[in-house]
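The listed protein sequences correspond, in order, to chains S and H.
With this note's numbering applied, the first sequence has no gaps in its numbers, which climb one by one up to 526 at the end.
With this note's numbering applied, the second sequence has no gaps in its numbers, which climb one by one up to 543 at the end.
Hints listed in this document are in silico derivations from the structure and should not be mistaken for laboratory results.
Honestly, I wouldn't trust all of these hints.
Stated by the list, open to error - The calculated lysine-lysine pairs, modelled on DSSO-like cross-linking and capped at a C-alpha distance of 30 Å, are:
| id | chain 1 | residue 1 | chain 2 | residue 2 |
| --- | --- | --- | --- | --- |
| 1 | H | K412 | S | K167 |
| 2 | H | K441 | S | K414 |
| 3 | H | K162 | S | K156 |
| 4 | H | K320 | S | K188 |
| 5 | H | K2 | H | K412 |
| 6 | S | K167 | H | K378 |
| 7 | H | K412 | H | K426 |
| 8 | S | K156 | H | K169 |
| 9 | S | K151 | H | K162 |
| 10 | H | K169 | S | K134 |
| 11 | H | K317 | S | K130 |
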Amino acid sequence: MTNNYDILIVGGGHNGLICAAYLARAGKRVCVLEARGSFGGAAATEAITDKCRASTGAQFLYQLHPQIIADLALEKHGLRYARRNLPTTVLATDGKHLTINHDQLTGENVSAADQQAFSEFMDEMQAFAKIIGKLIDQPPMDIFDLDWDDKINSVKLGWALRFGLGKTRMRELLRIIGMTMFDLADEKFDNDLLKGALSFDSVLGTQFGARSSGNVLKYLFRHALSNKSEMDLPYGGMGSVVNAIEKSAAEAGVGLRSNAKVKSIDVENCRVVGVTLENGEKLIAGTVISNTDIRTTVLDLVGSRHFEADFVHATTNVRMRGVAAKLHLVLSEAPDFNGLDPELMKGRLLIAPSAEEVELAYNAVKYGELSERPLMEISIPSLCDDTVFDGDSDGDGDCHLLNATVQYAPYALKGGWNDENRAELIERCITQLERYSPDIRGKIQHVELLTPLDLEKRFGLKAGDWDHGEMALDQMLILRPVPGSSRYNLPLDGLHLCGASAHPGGGVMGAAGRNAARMILKGEAK
Amino acid sequence: MKKYDAIVIGAGHNGLTNAAFLAKAGLNVVVVEKNDYIGGASVSRNIHDDWTYSNCSYVCSLFRPEIYRNLELGKHGLQIINIGGGATLMENGDFLGSYEDHEVSRRELIRHSPRDADAYDRFSTDMAKWCRFIRPFLLRTPADPTSFRPRDIQELIYLGRKFYDLGQKDLHHFLRFFTASISDYLDQYFESDVLKASLAGSGIIGTGLGPMSPGTAYVLLHHYMGDMDGSVGSWGFARGGMGSIANALAGSLKEHGGEIRTGQGVEQIIVKNGKATGVALENGDEIHANIVVSNLDAKRTFLGIMDPKDAGEKVVKAAKNFKSRGSSGKVNIALNGAPRFDALPQGSDLVNGFIHVTDSIERMERAYDDWKAGTWSKDPYLDMLVPTYADPTMAPPGKHFMSVFVQYCPSKLTAAEHNGEDWTDKTVTAFGETVLNQISKYSTNFRDLVEHVEVRTPREIEAEIGLTDGNIFQGELTMDQLMFNRPFPGYAQYRGPVKGMYMCGSSTHPGGGVMAAPGANAAREILLDLKRPNTVPEDEGDD
Numbered sequence: 001m002t003n004n005y006d007i008l009i010v011g012g013g014h015n016g017l018i019c020a021a022y023l024a025r026a027g028k029r030v031c032v033l034e035a036r037g038s039f040g041g042a043a044a045t046e047a048i049t050d051k052c053r054a055s056t057g058a059q060f061l062y063q064l065h066p067q068i069i070a071d072l073a074l075e076k077h078g079l080r081y082a083r084r085n086l087p088t089t090v091l092a093t094d095g096k097h098l099t100i101n102h103d104q105l106t107g108e109n110v111s112a113a114d115q116q117a118f119s120e121f122m123d124e125m126q127a128f129a130k131i132i133g134k135l136i137d138q139p140p141m142d143i144f145d146l147d148w149d150d151k152i153n154s155v156k157l158g159w160a161l162r163f164g165l166g167k168t169r170m171r172e173l174l175r176i177i178g179m180t181m182f183d184l185a186d187e188k189f190d191n192d193l194l195k196g197a198l199s200f201d202s203v204l205g206t207q208f209g210a211r212s213s214g215n216v217l218k219y220l221f222r223h224a225l226s227n228k229s230e231m232d233l234p235y236g237g238m239g240s241v242v243n244a245i246e247k248s249a250a251e252a253g254v255g256l257r258s259n260a261k262v263k264s265i266d267v268e269n270c271r272v273v274g275v276t277l278e279n280g281e282k283l284i285a286g287t288v289i290s291n292t293d294i295r296t297t298v299l300d301l302v303g304s305r306h307f308e309a310d311f312v313h314a315t316t317n318v319r320m321r322g323v324a325a326k327l328h329l330v331l332s333e334a335p336d337f338n339g340l341d342p343e344l345m346k347g348r349l350l351i352a353p354s355a356e357e358v359e360l361a362y363n364a365v366k367y368g369e370l371s372e373r374p375l376m377e378i379s380i381p382s383l384c385d386d387t388v389f390d391g392d393s394d395g396d397g398d399c400h401l402l403n404a405t406v407q408y409a410p411y412a413l414k415g416g417w418n419d420e421n422r423a424e425l426i427e428r429c430i431t432q433l434e435r436y437s438p439d440i441r442g443k444i445q446h447v448e449l450l451t452p453l454d455l456e457k458r459f460g461l462k463a464g465d466w467d468h469g470e471m472a473l474d475q476m477l478i479l480r481p482v483p484g485s486s487r488y489n490l491p492l493d494g495l496h497l498c499g500a501s502a503h504p505g506g507g508v509m510g511a512a513g514r515n516a517a518r519m520i521l522k523g524e525a526k
Numbered sequence: 001m002k003k004y005d006a007i008v009i010g011a012g013h014n015g016l017t018n019a020a021f022l023a024k025a026g027l028n029v030v031v032v033e034k035n036d037y038i039g040g041a042s043v044s045r046n047i048h049d050d051w052t053y054s055n056c057s058y059v060c061s062l063f064r065p066e067i068y069r070n071l072e073l074g075k076h077g078l079q080i081i082n083i084g085g086g087a088t089l090m091e092n093g094d095f096l097g098s099y100e101d102h103e104v105s106r107r108e109l110i111r112h113s114p115r116d117a118d119a120y121d122r123f124s125t126d127m128a129k130w131c132r133f134i135r136p137f138l139l140r141t142p143a144d145p146t147s148f149r150p151r152d153i154q155e156l157i158y159l160g161r162k163f164y165d166l167g168q169k170d171l172h173h174f175l176r177f178f179t180a181s182i183s184d185y186l187d188q189y190f191e192s193d194v195l196k197a198s199l200a201g202s203g204i205i206g207t208g209l210g211p212m213s214p215g216t217a218y219v220l221l222h223h224y225m226g227d228m229d230g231s232v233g234s235w236g237f238a239r240g241g242m243g244s245i246a247n248a249l250a251g252s253l254k255e256h257g258g259e260i261r262t263g264q265g266v267e268q269i270i271v272k273n274g275k276a277t278g279v280a281l282e283n284g285d286e287i288h289a290n291i292v293v294s295n296l297d298a299k300r301t302f303l304g305i306m307d308p309k310d311a312g313e314k315v316v317k318a319a320k321n322f323k324s325r326g327s328s329g330k331v332n333i334a335l336n337g338a339p340r341f342d343a344l345p346q347g348s349d350l351v352n353g354f355i356h357v358t359d360s361i362e363r364m365e366r367a368y369d370d371w372k373a374g375t376w377s378k379d380p381y382l383d384m385l386v387p388t389y390a391d392p393t394m395a396p397p398g399k400h401f402m403s404v405f406v407q408y409c410p411s412k413l414t415a416a417e418h419n420g421e422d423w424t425d426k427t428v429t430a431f432g433e434t435v436l437n438q439i440s441k442y443s444t445n446f447r448d449l450v451e452h453v454e455v456r457t458p459r460e461i462e463a464e465i466g467l468t469d470g471n472i473f474q475g476e477l478t479m480d481q482l483m484f485n486r487p488f489p490g491y492a493q494y495r496g497p498v499k500g501m502y503m504c505g506s507s508t509h510p511g512g513g514v515m516a517a518p519g520a521n522a523a524r525e526i527l528l529d530l531k532r533p534n535t536v537p538e539d540e541g542d543d
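With the rest of the complex left out, here is chain H:
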């Protein structure tokens, strides 16, 4: 049997990125994927007729431009289409528009609050500052603060210097930003409920937190990073759906001699004498390699495909305590025509961007209360996108695909109203109805256009992609699970508990989003251990 240098388990975007960098360094790499298709949550699928659904992730704002350039993804067919602006729809029939043109956006803000229009400039400047500050860390391995190894000390000094360079005022401001709730943070700038709500959306997406939970301001930043870059990393669609990212990564991987095997789920990581030696597949085969990299989340990796004896008691306990609650749902809709949002002016370009349904932080927080109680939000926050305006390749001519991201939707139904019954097909449909009704309130022609609906609760997301509890970030982005704590203290440098075993999924620093940074960082660590030249780029800044 052929022996490889490295096996990557899971062909999500991070697994593929990791494999591509390893292959580029000359390693003989194979990626094994349980599904018959690649991409993990970065996937395009034909669910209904001639429609292409980006049925999990739906934008690629965070994808690291350095990786895009280094792996020549453009050459391998990835084309990013810029998303401009968007609108937040209000219950009273009004809306708040966001335009690409700064002056137009400003005039629109003045319509809601002249004071906030001024504050918005200050807010944007501050956010840009925090993004610039955080960005270089995305492509670096977090230092272990308890370690005395030169590399960790060097990294800690780097961190210290970066903080020091911020200056006293900005450092303080940043610390507040890092620890505050998005609601409290926005209160320091703005008075308009709808503006606060429209900005707060990014602070809650994918997390089991409400806008009033401390720590959510950082989650906002995590999503904000995207619109900082030049053309490459700005909020954008991948032409042909999110699967194009995975396909381009696969193209790059294959160009460097890597191999992908689909339809081959991993049963267990084989460990001999404290060293990873390969994987046992569900079909009974074994593949051997001295390097085994798991792109699965920390729970699935250590509680699923590793023998607890190999993982060790400490890691098993940490994996059990790792928080990865599902909080989001997704409704994908095939439409027979363009939906018309009643609030927006006829022919407005705003429909090309994100359409949010929310008016106020309070409404979003109440949606979160439902989730805490163990049911889906009755008045959910929606983040809608119709990529087919910009990318007609995803639907038949004149028809549209609509992606609706729904916050909140729990992985288990525990509220009293469900009488102890977890998700069933009936409740999944009921959840979908809640979402469709919510959209109908803002679009009178929407219902008549619906051709097909795919409803995905965390249960479906877990079943299909293997994200534990359907958590889209492979584990929550809370303070106790970031940086050197991600996924667990002592294991934040991509190395697993046994020699030759690594992690490269979003469970590791810097976390979720279609960013590809964890995969790249893990590749750098592996190459370092192998004493091979590094192929992974550093952050190049935006200048």
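Just chain S, same shape as in the assembly:
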């Protein structure tokens, strides 16, 4: 086995693999080093019990860049969907749920005015998301350092903003971009469940409340790459998406090494020369791309002594604070959400009854406490994916898995995480579920809870933050991950970032990996 490469990639999350695949296809000798036994980072399908396997990190696919799916021929390499274009149902305690299907609202309490306003809203959001999509697709532009591509891109962007959108919509975009979803939704709609859902989508994964300015931009980011804001459930869980990427990378000639934990990124004469693994093995390469977060990369793997104090200071100050937990419940039979149509149960379910409830749940996390009534994003993958269960645990063939992202549970819980508060969070989650599905407690056969601390330990997500740095306005675009390093290179020769720490941030999007690969290839072409 060779230990000499053109490029080494530290961390085999989806961004690392995508970056590697693009580089290998451009003729580079690339090797991806993954600490765990399998690739994919937080996009993983893992055992929940000995008979049940499902997505333990991210669970929905809605942002993966269509260009990446095409370029890497992911469908040829096994990307399949258990179900596409999932409707979102916001649960109500009284059974009068609200279902959102693209720009259509269905439910008992939907007024004609809200329906009308929502169609217009989605139309507008789609137009805005297209602009944001352009931003996501390219490295952030630094007005102090513009190359020809940037100049062309900025003219294109300006054109799209002014003439693509038109004067009225451009003004509206410039108004809402720094706004709160609490206010925006309140301007437009009456329905509490709808406002709750929009707020939820604006805060998921971030220490934001419904009333935090900038969450509208986060909402737009969410929709920027998805076709008509629709979500899919991959067949075989998120791990299967990564498998397809992995296969495509392998086909392109990428060296893939799992169980290869990197101990340090090595520096000689002020430039990167390779990495050293935990087992002492040294690998040589003139370019090292880190798929881990910037803090781990700079402070742990390279070491702060190789950087200027200002940069280290900025890196130390990157806010990472995981606020979400994962809950996996194995149920003896399908749950009943106050008579929710079984067909809709195959979709995405939300517990976010109003913008006020979202804000109320958020209050706790500011002080390092658990939400009294946590918000949840739920899927029941076993309803449409036969790979979840390998035989039934009780033998009658109707077991189901409820997979939920739970917010808010702070990484920095006051007093630290222990068995007691873990049990407390599980209890709060189940009590919350009972409000919407009164008999659910009796159906629970197995509970798994991954706190932000567990997510850190399992997936290497620093501070449990799956965005590798909060997606707040002051940490986005040109300011991400730290000012001056937004173009996938760090201030050390040969060192780059390709993970969620870099623009455009977290989510199973792949844009960071793709952009990084393009920038590195461009840098060499100069």
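Fit chain H to the supplied structure of chain S, relying on the hints for placement.
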């Protein structure tokens, strides 16, 4: 009936400033005011015996020095007294003092955290930089980013150049500052809770945001601008109370031939053939002029004194969506003697400055949670000032006036504990009690000295001054309501939806505070439309 060149609706400081500049340019101007007195929120009133209350605004830190000089306000009796230092009182009986002498302040900071004492110098330098950067924009009209008119393009180029001149590092830093929450921003500098809290106060005053809400770092800057200038614009009291500012502006206006009519509320702006032609007064009279300027906030202007047909559907909708939530209360107190704050050393000069009650950002954020829930903060943030130490003219000899600014206090009580009942005299009193109790915790002799208390929730502020929902900035200073978005996109250049109609209140750029910049900027635009020579000064810098 006499015909004027311009009518200004509302005799707040911006209305008076606007009128004064128009009059100075030779226009025949009248200001109509619904109250029997002028000043809007920049007012001094005799509420109790021989005490003068600055019962709304209480400091004039932000007042543009260029306007002060240009309108010769000194000649018209405005005298600013410098406020030095102040103290932040802590629950554990300790305090953090801020002194005029940099070295003394530094030693005091070292007592709390040596590391922060070093960081504070860096912080001050950075803040000074941002203030210098922002200041010239205060007296400029925001460019419309969607427009291709030469003037807008020129202004955008100016903006671009200013950004470029900052340099890469500072530009990035500034962008972070502009978008961050005050809590996150201060975390990058400091470790001491009390220092962070004492600085964060300026980030929340008057806004419906908590210190952890993104965008609050800018609000801090908005308040910080004051201590940048030389003697004129630094944190200061107006001698004789805030009404002195309005009186001096009125003096300048009258000197240039302007007229003020008090006790005359405006019923409606008269629009004929798409042009403003005057105003109809509540008393049935009409006044005519080709220029009508509203100093009222955007909601009151477009939803109150304009026919929706004249304003147009788009503007009416934008006005409805304009956010002007009330978040602050004010308690004005007449004291029979000097209050003694237990934490402060006997005879300390710190009492001359701002006295804050807060220890930590968390405490302030929890106060905000109460407001969000629809009730006043049970553990409120207080910004207290006893101007009578420096200006004995405001109270009888040996007695004092105390101004207490309270954050947070909602315009409507919607929390469950109020059982669906909005503000009543009883709840207003209860709110006042919360504040008095809070002060008593830090001053044992305070209760015995209280001679008279005036409690003002957003309800009272709205009723008296006409600020919608009692919002002291005539609309929140959030990112979506600043610069070219203030008050609404497409209407940020002081012109209303019909010809001849203008806005000059704090609802327009650069927003609230007793700054007088909106009034001056609006005057410049009006004179431009009239093709008259400009009388409004530009920012002159601080050199």
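Taking the hints in turn, this is what the structure says about them:
A C-alpha spacing of about 36 Å is found between K412(H) and K167(S), which places the hinted pair above 30 Å, so the restraint is violated. The straight-line distance between the Cα atoms of K441(H) and K414(S) is roughly 28 Å, inside the 30 Å bound, and the hint therefore holds. Straight-line distance between C-alpha atoms of K162(H) and K156(S) comes to about 24 Å, which keeps the hinted pair within the 30 Å bound. With a C-alpha separation of about 11 Å, the suggested pairing of K320(H) with K188(S) holds against the 30 Å cut-off.
At most 30 Å may separate the alpha-carbon atoms for a hinted pair to count; K2(H) and K412(H) exceed this at roughly 43 Å. Between the alpha carbons of K167(S) and K378(H) the distance comes to roughly 46 Å, so the proposed pair goes past 30 Å and is violated. A distance of roughly 14 Å separates the Cα atoms of K412(H) and K426(H); the hinted pair therefore holds under the 30 Å criterion. Between the alpha carbons of K156(S) and K169(H) the distance comes to roughly 26 Å, so the proposed pair stays at or under 30 Å and holds.
Restraint check for K151(S) and K162(H): satisfied, since their Cα atoms lie roughly 20 Å apart, inside the 30 Å limit. Distance check on the hinted pair: K169(H) and K134(S) sit about 25 Å apart at the alpha-carbon level, within 30 Å; holds. Note on K317(H) and K130(S): the hinted pairing holds, with a Cα-Cα distance of about 26 Å set against a maximum of 30 Å.
The structure does not agree with the numbered hints 1, 5, 6 stated previously, though it agrees with the rest.
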